[in-house]
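Undergrad: Now for the letters of each chain:
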Amino acid sequence: MNKISIPIGPQHPLLKEPLTMNIDISGERVLGGTLRLGYVHRGIERLAQQKTYVQNVHLIERICGICSHVHTTTFCHAVETLLGIDVPIRAQYIRALMCELERVHSHLLWLGIIAKHVGLDTIFMHTWHDRELALDIMEEVSGGRVSHAANQIGGVRFDLSQEQEAMIRKTVNDLSDKANTLMDVIENEPVLQARTKGVAPLSAETIKNYCVVGPVARASGVDVDMRRDHPPPPYDRLTFNVITRQDGDAWARTVVRAEETRETLKLCHTILDEMPDGPVSVRAPRKVPEGEVVVRSEAPRGELLYYLRSDGSENPARLKVRTPTLPALNLIPKQLSAIHVADIPVVMAGVDLCIACADR
Amino acid sequence: MSILKAVINAFRKTPDTVKYPYGPLVIPKGFRGAIVIDTEKCSGCGLCVRDCPAAGLELIKESRQDYQLIHYPARCAYCGQCEDSCARGAISHSNDLVEPTYDSDEWVVVLKHQSGD
Ligand code: SF4
Ligand code: SF4
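Protein chains in written order, with the working numbering: chain A, -11 to 348; chain X, 251 to 367.
A couple of the hints might just be wrong.
With beta-carbon atoms standing in for the labels, derived distance ranges [stated by the list, open to error]:
hint, chain 1, residue 1, chain 2, residue 2, range
1, A, Lys4, X, Asp266, 19 to 29 Å
2, X, Ser365, A, Arg271, 32 to 42 Å
3, A, Gly266, X, Gln318, 36 to 46 Å
4, A, His257, X, Gln318, 18 to 28 Å
5, X, Ala305, A, Glu262, 39 to 49 Å
6, A, Lys308, X, Ala260, 40 to 50 Å
7, A, Leu19, X, Asp266, 36 to 46 Å
8, X, Ala260, A, Ser191, 37 to 47 Å
Covered stretches of chain X (in silico footprint by chain A; criterion: 3 or more residues with CB under 8 Å from a CB of chain A, positions within the stretch not fixed) [to be verified]:
hint, region
9, 280 to 289
10, 305 to 317
Keep in mind that the hints were calculated from the coordinates and are not lab data. Nothing here was measured: the structure is a model prediction, and the numbers come from that model. No residue lacks a Cβ here, since even glycine has one placed at the ideal position from N, Cα and C.
Pulled out of the complex, with its shape left as it was, chain A reads as follows:
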């Protein structure tokens, strides 16, 4: 049968963010494909060099619309390391709580997308409804639904009142019930299994060769989680399970994210239980002493790495951000072979695309 090349994107209903795919097909079989990125490149790393550290916290927040908080947390952690200041422990816990809530809403968002791509709109509706509960908490405590502006260099910008803590506990309990139901649905849903089991499997070796991180790596049996392996505070004091699966297919990725949602909700309770009283920020100098630092943390999509170099002024001399989705995107052409045309959305969604993160 003849080979046909189909261009998809940069604007396409399948894609939530712009990228171009050229997919070669022959009948119903996909032969291969290529990706083109860069449509949402905003030059953030360069722009960061022209802004002060204080301004950069807000610039960095706009790298991503889903995991905005973990970006600022990692950036602030890098700056605070260079400054040599100790962030109050309560602030560390508030940061971690926001990071975990972000993970919950990111995973629920993803589970909704994969469900929609295989035609299970009911699950999509439910997960996206539940995701709003996590976003509501974040909006209530920080004042912003997507850009929380929770961090500042030296701590966080708000404290949690007792009523807010009680509200968070109640909503997290509520979300845990919903996550249990969701897990039950996912495990027993024949359509989801038929559409994802055995689709585009990735071996642990491939994952390591392509430096893929996060839930995609964990679904292939690569046991990495920066919260455990290189824990930024306060994760060194927290205990939690890292979820892994061995199969490496789209099904394993679904189960890892769903299980991780449940585990993360448990971690939210642990954080609230162990959160000490005290101040939530310390004053930080505007000028950062000369030096360089690498800081890593676990974003919802995997390891996030910040390299920061300071020349002693108010602006960074160099900021390099390595986001977790870029290596995963490199794997898409590899996965786009020996699958059916109908599996393309499952493969695309499987790596949890975040083009804004990857392009920056």
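Please arrange chain X with the ligands on chain A, whose structure you already have, making use of the hints.
TA: Positioned in the frame of chain A, the structure of chain X with the ligands alone reads:
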């Protein structure tokens, strides 16, 4: 089967969507809405302008007694940095939603105009 249960449950519930703008909208207390200023407290020091990441504020200063603090709502990122940076607690976010506009370039709000005479 559980999905069937979920569907049945959905029939028992009222819709989750908010009827805004035809119904009320509950906005959280700390919501970062439109920028407001207490003109009595503002001294025209420019700390808010220095830290604004989005060029949302401008200070046109002739002298200590003669200055204008200008806000550009369409450029503003509603990040709250100005509120944090202002040592006098003069500038802050209100709880009000910011109305959309077709004319973002022309949208200029003079927060404070202190005239020399
Ligand atoms: S609002 Fe505050 S920071 Fe801005 S000029 Fe007035 S006093 Fe200074
Ligand atoms: S809220 Fe942020 S962007 Fe808007 S004027 Fe204040 S500092 Fe500037």
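Undergrad: It remains to establish, for every hint, whether it holds in the given structure.
TA: Status of each hint after checking the structure:
About 22 Å separates the C-beta atoms of Lys4 of chain A and Asp266 of chain X, a value consistent with the hinted range of 19 to 29 Å. Range check, Ser365 of chain X to Arg271 of chain A: Cβ separation about 35 Å, and the 32 to 42 Å hint holds. Range check, Gly266 of chain A to Gln318 of chain X: Cβ separation about 41 Å, and the 36 to 46 Å hint holds. Distance hint check: the CB atoms of His257 of chain A and Gln318 of chain X are about 51 Å apart, inconsistent with the given range 18 to 28 Å.
Under the hint 39 to 49 Å, the C-beta atoms of Ala305 of chain X and Glu262 of chain A, about 41 Å apart, fit the expected range. For the pair Lys308 of chain A and Ala260 of chain X, the supplied restraint of 40 to 50 Å holds, since their beta-carbon distance comes to about 47 Å. Here the CB-CB span from Leu19 of chain A to Asp266 of chain X is close to 44 Å, well matched to the stated 36 to 46 Å. In this structure the supplied range 37 to 47 Å holds for Ala260 of chain X paired with Ser191 of chain A, their Cβ-Cβ distance being about 40 Å.
Counting residues of the region 280 to 289 of chain X whose beta carbon lies closer than 8 Å to any beta carbon of chain A gives 3, which reaches the threshold of three, so the coverage claim holds. Taking a C-beta to C-beta cut-off of 8 Å, the region 305 to 317 of chain X contributes 0 residues in contact with chain A, too few for the three needed, and the coverage statement is violated.
The earlier numbered hints that this structure contradicts are 4, 10.
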